[in-house]
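J.: These are the residues of each chain, in order.
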Amino acid sequence: MNSKNNNLYIFYLIRLNPRILIGAIIIVGFVLCAMLAPYVSPYDPIKIDLRAKYEVPTARHLLGTDYIGRDVFSRLIWGTRVSLLTAVMAISIAAIIGLLLGVSAGYFGGMTDTLISRFIDIMLALPAFIMAIVLMGVLGRGTPNMILAIGVGMSPRIARVVRGATLKIKENEFVEAAKTFGYGDWRIIFRHIIPHCVTPLVVYSTLLLGSAVMLEAGLSFLGLGISPPTPSWGLMITEGTDVMRTLPWIVSTAGLCIVILVLGFNLLGDGLRDHLDPRLRGEITQE
Amino acid sequence: MLRYLLNRLIQLPITLVGLFTIIFIIVRIMPGDPVTAYLGDIATPEAIEEMRRNFNLDKPLIVQYFETFTEIIQGDFGKSFVSGRSVAAEIMEVLPNTLILALAALLISSIMGVLAGVLAALRIKKMTDYIVMIFSTLGVAIPVFWLALMLIYLFSYKLDLFPVASVTAKPTFLAQLHALVLPSFALGLLFMSVVARMTRSSMAEVLNSDFIRTVRAKGATERLIVMKHALRNAMILIVTVIGINSGLLIAGAVLAETVFVRPGIGKLLVDAVLSSDYPLVQGTVLFIGLIYIFVNLIVDLLYAYLDPRIKLGN
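The listed protein sequences correspond, in order, to chains B and C.
As numbered in the numbering used here, residues 1 to 287 make up the first sequence, in order.
As numbered in the numbering used here, residues 288 to 601 make up the second sequence, in order.
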């Protein structure tokens, strides 16, 4: 396919499947918000102003202020950066680990496969959130630790999908041909197998990005994730719970942001999956 | 069938041992000395030494591994740092609460989810289908703890229909049920959405299959088709989905219990992690893993039972 055909295909794809379109719009919207945060947000999100505690929404503070006088609206905007960055970094880690484990298990088979598959099964014996909680308990609170915890927690899922894809690709003749040429194993893996893993990997990773955002929110809510004063939507919910009766907008808007962002990733991932390989429907589901 | 059962049963202890190993490794690589962290200001060298001896922390790691392993086999999960009571006792005390909550959520969500999915499949591509699909797509994106808080705000604060705190001092059965409504709904919505989607797609697939077309050609009523044939076939996938996603309930229980201040395994785990009470963390995580593995085993067996292909040995 030359590039001209590629462009037409993408536009056709987007128009045909509304989910991809809506999902993409949502994500692009959030990404723009994150990138333009310094210009769009009216206040510094971590600036404390104890004279302006718990203000109701006014023209000056669109969503009021929180318990130490920080502007809620600004914190929401900057929180976009936090959510997007942590999710992307965590899933990148998960993808790298998962890819390596998956192709190794799928390609080499035998003992390697058995060991890795066992390991994956055991890691999947715990729900991802629980695993993340335990890892955070071990590593201690903080953003880099959380990214690592979520990444490690998600990698077995990716490994499993990659392994499945590798097994399918391995059966192709060009792999056998490459081996006959005398190409080394890792060269075959990198040049032939991995490129074909990209499609399911990308689809699954998009769905996992939504899960990563949820995990980050949940961990931060429990106090095991992002440490203050960095604005995180999950953390804002915790902080807003005490005053939920009188100032419900802190909790509601922060939560709404989470919902819309996760929705965006889910729609995009579902749409991509349905279009790129509908057969994957049974295997790849959002957790 | 029997061979399949045996196969699964043999795999079970291996997975459990593997789980224990991984958790042991994770928990023991805790940076910083948990004893010093726990004792804090009163950390005299003698106190540290005594605590380490009490909890077997002064022996080399391998020895600790085997000793803990043998203890766990015999049901001794060690003693909590914080409360001093045995970990097993702590877990057992709160376990019923979590089980009640999880079962309530499971029951409600499974039934409603399947109903919604079937309805959507029967009226596929029409309005009902779209409504169900939109709701379930939203449902999957809503965080449990936020939903719980929003429900509390709406139904407890504004409308005063349900209580906030879930376990009261002198609970009557009705009061307990009353207090169970909000948490199980918060917990169950995500699950319900997933179940609805999968039910819809598997029902739709079955309804389109040749075999249903044959039954229809034979003149069976629509109701018979749906109730007897289609549902039976779709059940296999539905049961699998319920089983696989039961982990969502366990994970969500952590958040629901925290928000509704219900004592339960989830809350126990979080509190243990927050106070670096690592025997308790170890024991609780192990137990949660056990439950999850066990549920998966039951689902696998049920699946094998429902799918005649596996039942008859393929």
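If you are wondering where the hints come from, they were derived from the structure by calculation, not from laboratory data.
If you're wondering where the values come from, they're calculated on a predicted model, not measured in any experiment.
Positions of the beta carbon are idealized from the N, C-alpha and C atoms, including for glycine.
Take the hints with a grain of salt, since some may be wrong.
Now the in silico label distances, taken between C-beta atoms and shown as ranges [unchecked claim]:
1) B/Lys168 <-> C/Leu518: 49 to 55 Å
2) C/Phe356 <-> B/Thr112: 42 to 48 Å
3) C/Thr459 <-> B/Leu36: 25 to 31 Å
4) B/Ile46 <-> C/Glu354: 14 to 20 Å
5) B/Phe108 <-> C/Met379: 40 to 46 Å
6) C/Glu337 <-> B/Met111: 41 to 47 Å
Derived SDA-like pairs: lysine to any residue, alpha-carbon spacing no greater than 25 Å straight-line [what the hints assert, rightly or not]:
7) C/Lys445 <-> C/Thr415
8) C/Lys445 <-> B/Tyr67
9) C/Lys445 <-> B/Arg19
J.: Decide, hint by hint, whether the structure agrees.
T.: Comparing the hints with the structure gives:
1. B/Lys168 <-> C/Leu518: 49 to 55 Å: Roughly 32 Å apart at Cβ, these two residues miss the hinted range, so it is violated.
2. C/Phe356 <-> B/Thr112: 42 to 48 Å: violated (26 Å)
3. C/Thr459 <-> B/Leu36: 25 to 31 Å: With a Cβ separation near 56 Å, C/Thr459 and B/Leu36 fall outside 25 to 31 Å, so the hint is violated.
4. B/Ile46 <-> C/Glu354: 14 to 20 Å: Given range 14 to 20 Å: violated, Cβ gap about 48 Å.
5. B/Phe108 <-> C/Met379: 40 to 46 Å: holds (44 Å)
6. C/Glu337 <-> B/Met111: 41 to 47 Å: Holds: the Cβ-Cβ distance is about 45 Å, inside 41 to 47 Å.
7. C/Lys445 <-> C/Thr415: violated (31 Å)
8. C/Lys445 <-> B/Tyr67: holds (23 Å)
9. C/Lys445 <-> B/Arg19: It is violated: about 35 Å lies between the C-alpha atoms, which goes past 25 Å.
When held up to the earlier numbered hints, the structure conflicts with 1, 2, 3, 4, 7 and 9 and fits the remainder.
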